[in-house]
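Those sequence lines, one after another, are chains A and B.
By the numbering used here, the letter at position 148 of the first sequence is numbered 148, and the numbering carries on one by one without gaps.
By the numbering used here, the letter at position 100 of the second sequence is numbered 100, and the numbering carries on one by one without gaps.
Since the hints were made in silico from the structure, they are not lab data.
Small disclaimer: the values here were computed from a predicted structure and weren't measured.
Don't be surprised by glycine CBs; every beta carbon is placed ideally from N, CA and C.
Please note that a few of the clues may not be correct.
Far from chain B, some chain A residues (derived; all Cβ distances over 12 Å) [claimed, not checked]: (1) G53; (2) S75; (3) L140; (4) L156; (5) S181; (6) N185; (7) L207; (8) V222; (9) A245.
Straight-line C-alpha distance at most 25 Å; calculated DSS-like pairs for lysine-lysine [as the list claims (entries may be wrong)]: (10) A:K158 / A:K84; (11) A:K158 / B:K211; (12) B:K269 / B:K94; (13) A:K158 / B:K268; (14) B:K94 / B:K268; (15) B:K211 / B:K123.
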Amino acid sequence: MTKRRRSRQKRLADMAGQTNPAMDVWRNFARHPVSMAALVILILMIIAAVVSGFLFDYDTEVTALNPAELLQPPSAEHWFGTDKFGRDVFIRVMYGARYSLFFGIVTTAVSMVLGILIGATCAYFGGLYDIIVMRIMDSLVCIPSILLMLTLVAVLGKGMRGIIIALVVTSVPGFARIIRSIVLNVVHQEYVEAARASGTGNGTIILRHILPNCFGPILVDVLMSVSSCIMAAASLSFLGMGIQAPAPEWGSMLNEAMEHMRAYPYLGIFPGLAIVITTLCFNLLGDGLTDALDPKNR
Amino acid sequence: MLKFAVKRILFIIPSIFIITFVTFLIMSFSAGSPGSVALGITATPEEIAEYNHAVGYDRPVLVRYADYMLNALQGDFGESYSSGVPVVDLLMPKFPTTLKLALFAVLFSALIGIPIGVLAAVKKGTIADTGTTVVSLVLASIPGFWLGLLLLLLFSYQLGLLPPFGIGTWKHYVMPVATLAIPSSAYVARMVRMTMLEALSSDYVRTARAKGAGPGRIVFVHVLRNAMLPVITQLGMSFAGLLGGAVIAEQIFGMPGFGTAILEAINKKETMIVLGATIFLSLLYMLIMLAMDLINALLNPKIRDNMG
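Next comes chain A alone, as it looks inside the complex (with noise of 0.2 Å):
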């Protein structure tokens, strides 16, 4: 009976057009269940890497060596088996997903928020300062991004910072490309017009009035980003130039690995298998929003 009264109220207000947006996307994306249990393997990492801070000390139980259980196979006691210094590969890579996790998010978060700087205001100053500016931003897409995220590191040093800064060069100037078209085509409609006409200032338009009409379109590209970020955080570790051993980084484990793989392939599997899926998870998140935030599928 409260159902069917529920529903009823329901239908009324989508009569009346009282329907929330991001209720409507949250619903389209709900329907498909492999985006849900991406977002579901997502949440569950998240929790993982916060709890693996607490759950395991890192000078003991991660990176301390333990001579008496040198490459033992995988068992019920140590689930990924453990590596050539006697480390238990499963903490390890459970404590990785540390790194990964924030290259992949801060990285993109800062990206993002410079791209946005600089995108809306070439988009929305337009003139000289928006080509000296863009034609910067499009000379540096020329450089091979791996070659300038190794230049990068090589001169400000392997390690955090050094990775942090050469992924965030790397992946400013495609944000800036997409915001100023977004921008572009957000700027001439007519409620910015009025906004101006009626006396509001720059930023405020910017912030108010045209920044929440870029969001939708490029949330799928900062997921796309977030994954992008990951693997290449891995990549360069996995060259020797990001995070240094014995820290247990994706990427550096399975450089580790290599020299052992022939005869313990087993290491070199599980932390490719947590790249790949953490990768994967948010590029079907990516996919799932794209279908959700389509005007055809609501």
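On the provided structure of chain A, position chain B as indicated by the hints.
What follows is chain B alone, placed relative to chain A:
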């Protein structure tokens, strides 16, 4: 068309200066100076400073950049700090290996990716479409270096079919090329599917259908030609990107290519080599993009009109 071409070619000149300057500026913060690399760790700071002064390294960045560019325009990209061998002589012998890797990788990614993408688009909504979409998404999520390790594990260590490292025979190139081509072909397939679907739903297809053209004729004569334009550009970009990205395959399979040389130079703080290699690959990228743009303009008058 000529006007467009000239305009587009003039367009890259400022880019050349921006790229070289940005790279030069980044490398000028490098911890390795000519003195510190050439004289080794036993040298005192005074000796290093003296050496740097003698080779003109203590001049302002802008002056050194102008100097570098004047020499570079004449084909002189400086010398290795430690051995004094010209950068061009050091790097060029390594290039053919990397070029082969990138060329074959892009060739195979087109040969695999385009048919799969076309099939997925034509059979939209069927199991074939869903299957290829899922597989290509998974493949696109695999980092190249892990794919390389898995291939190594399977084909060299388990099956013993292919040599694990080195160059020489065609067998040495199978796994490195696959490492680069598989993720790239997944990307191409996704892109082809998207552009095909877009073209299939356009007005000229409806017209062709209304005029009685069969499905085969529509796909191969009308749609494919239009859908391939962005794909050609994408293949050009992948090729240019793979020239840099080959470093990963070179590292896993022990191939002495361009990327390995760059990585070595970075570790030895050989700034001139890193600089020369980066500038070379970036310019190559720009030239490839230029070629792609010109091809696109040749095939599509709309682009010409927009630019010209």
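Do the hints match the structure? See the list:
Distance check for G53 of chain A against chain B: the nearest CB is about 24 Å away, which clears 12 Å, and the non-interface claim stands. No Cβ of chain B approaches the Cβ of S75 of chain A within 12 Å, the least distance being about 21 Å, so the stated non-interface status holds. Non-interface call for L140 of chain A relative to chain B: violated, since the shortest CB-CB distance, roughly 7 Å, does not exceed 12 Å. With a least CB separation of 8 Å from chain B, L156 of chain A falls inside the 12 Å interface cut-off, contrary to its annotation.
For S181 of chain A, the shortest C-beta to C-beta distance to chain B comes to about 14 Å, beyond the 12 Å cut-off, and the non-interface label holds. Once the 12 Å rule is applied to beta carbons, N185 of chain A is consistent with being away from chain B; the minimum gap is 16 Å. Taking the minimum C-beta to C-beta distance to chain B, about 30 Å, the non-interface status of L207 of chain A holds against the 12 Å cut. The Cβ of V222 of chain A sits about 16 Å from the closest Cβ of chain B, beyond the 12 Å cut-off, so the non-interface label holds.
No Cβ of chain B approaches the Cβ of A245 of chain A within 12 Å, the least distance being about 16 Å, so the stated non-interface status holds. Distance hint between K158 of chain A and K84 of chain A is fulfilled; the C-alpha atoms sit about 24 Å from each other, no more than 25 Å. Using a Cα cut-off of 25 Å, the hinted pair K158 of chain A and K211 of chain B is violated, with the two alpha carbons roughly 64 Å apart. For the given pair, K269 of chain B sits about 19 Å from K94 of chain B by alpha-carbon distance, which is consistent with the 25 Å threshold.
About 14 Å separates the Cα atoms of K158 of chain A and K268 of chain B, which keeps this hinted pair within 25 Å; it holds. Between the alpha carbons of K94 of chain B and K268 of chain B the distance comes to roughly 18 Å, so the proposed pair stays at or under 25 Å and holds. A distance of roughly 22 Å separates the Cα atoms of K211 of chain B and K123 of chain B; the hinted pair therefore holds under the 25 Å criterion.
Hints 3, 4 and 11 from the list above are not met by this structure, while the remaining hints are.
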